[in-house]
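Using the sequences and the hints, build the whole thing.
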Amino acid sequence: MSVLRNVYEQKVLLILIGMFVIASFCAPYFLTFQNINNLIMQISIYGIMAFAMTFVILIKEFDLSIGAVMAFSGIFLVKMSSYTGMMAAILITLLAGALIGLLSGLLVSVMRLNSFIVTLCAMFFYNGLALKISSGKPIMTQDPILNWLGNETTLWIPNLIWIFVIFYVISEYVLRKTKYGRNVYAVGGDVKVAELTGIAVPFYKISVFVISGVSASMGGILLTGMLNSASPFVGGAAALTVISSVVIGGTSLAGGEGSATRAVMGLFILGILDNSLALLNVQSFYQALLKGILLVVVIGWDYYVRKARVAHAV
1 MSVLRNVYEQ KVLLILIGMF VIASFCAPYF LTFQNINNLI MQISIYGIMA FAMTFVILIK
61 EFDLSIGAVM AFSGIFLVKM SSYTGMMAAI LITLLAGALI GLLSGLLVSV MRLNSFIVTL
121 CAMFFYNGLA LKISSGKPIM TQDPILNWLG NETTLWIPNL IWIFVIFYVI SEYVLRKTKY
181 GRNVYAVGGD VKVAELTGIA VPFYKISVFV ISGVSASMGG ILLTGMLNSA SPFVGGAAAL
241 TVISSVVIGG TSLAGGEGSA TRAVMGLFIL GILDNSLALL NVQSFYQALL KGILLVVVIG
301 WDYYVRKARV AHAV
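Using my numbering, read the sequence shown as starting at 1 and increasing by one per residue.
Rather than coming from a laboratory, the hints here were simulated on the basis of the structure. Heads up, some of the hints might be wrong.
Listed next, the in silico DSS-like pairs over lysine-lysine satisfying Cα-Cα at most 25 Å (straight line) [to be verified]: (1) Lys179 x Lys60; (2) Lys137 x Lys79; (3) Lys11 x Lys307; (4) Lys60 x Lys291; (5) Lys192 x Lys177; (6) Lys137 x Lys307; (7) Lys60 x Lys307; (8) Lys11 x Lys79; (9) Lys11 x Lys192; (10) Lys132 x Lys79; (11) Lys192 x Lys179; (12) Lys60 x Lys177; (13) Lys60 x Lys192.
None of these values were measured; they are calculated from a predicted model.
See the structure below:
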């Protein structure tokens, strides 16, 4: 890993610490237990999807459909549970997410369509499907299994946070310690070299979209449990938030560089920014503007690092 990339990682960590300190002093009630708990709970749902998005971006692809799949999954779950019971409905919903990801992966890998276009079309389709199934209205639910997942605690820590931690550990382990993870980095780093070394590139491209689909469905299940309702409108900004978090944390849009740990740092940076600005009653327009500026700066830095690396190699 280059010196510039190490410097960037250190800067991300310093920015995160600095934002936490500034928010502690400037934003009223930021350090209260209730606020910190709410912050981490919100980050947890996006975090599960951000870990999957890390796999997708590492392999130099995009998945813009995760928010729509999350919303659709919540609606699908509640409707399905009336026929099968909640536990079976959860498993079927996760399977549906896997099939959604499989379809996107096949279109991208086998038919060689652009992942941006494929998942953008999928986003519109599943948004429309969620609106149709729900008749454009939230659906209330009071299920003990969902409530346990979304609102109850184990050892004084919300179960949602435990699930987030489990997904983080699994993601980081797979990326750093397994052959699958090494091959994901290889495909994202240079797909032609990966093919020459015998890596089944189509399999890895398809698999990361399956992972993304399952994680989006999991996000929909957990959000439904936390809110005790499923809404077709909940996934609107999810894709932008998740991709922004992954990129701000230091995963390169050029592929081949990133980790679940970087995604966590990006999640907390955006989470603290949103939370503190909301506590300061800053209008949502300015919140979006600041996040946009931050994302542009990060993308610019990533481009500069890649250009500097190429120049150094020459």
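Evaluation of the provided hints:
1. Lys179 x Lys60: holds (18 Å)
2. Lys137 x Lys79: holds (13 Å)
3. Lys11 x Lys307: The hint holds at about 19 Å.
4. Lys60 x Lys291: This hinted pair holds, its Cα atoms lying about 23 Å apart.
5. Lys192 x Lys177: Satisfied, since the Cα-Cα distance of roughly 23 Å is no more than 25 Å.
6. Lys137 x Lys307: violated (49 Å)
7. Lys60 x Lys307: holds (17 Å)
8. Lys11 x Lys79: Outside the cut-off at roughly 46 Å; violated.
9. Lys11 x Lys192: Not satisfied, since the Cα-Cα distance of roughly 32 Å exceeds 25 Å.
10. Lys132 x Lys79: holds (12 Å)
11. Lys192 x Lys179: holds (18 Å)
12. Lys60 x Lys177: holds (20 Å)
13. Lys60 x Lys192: holds (13 Å)
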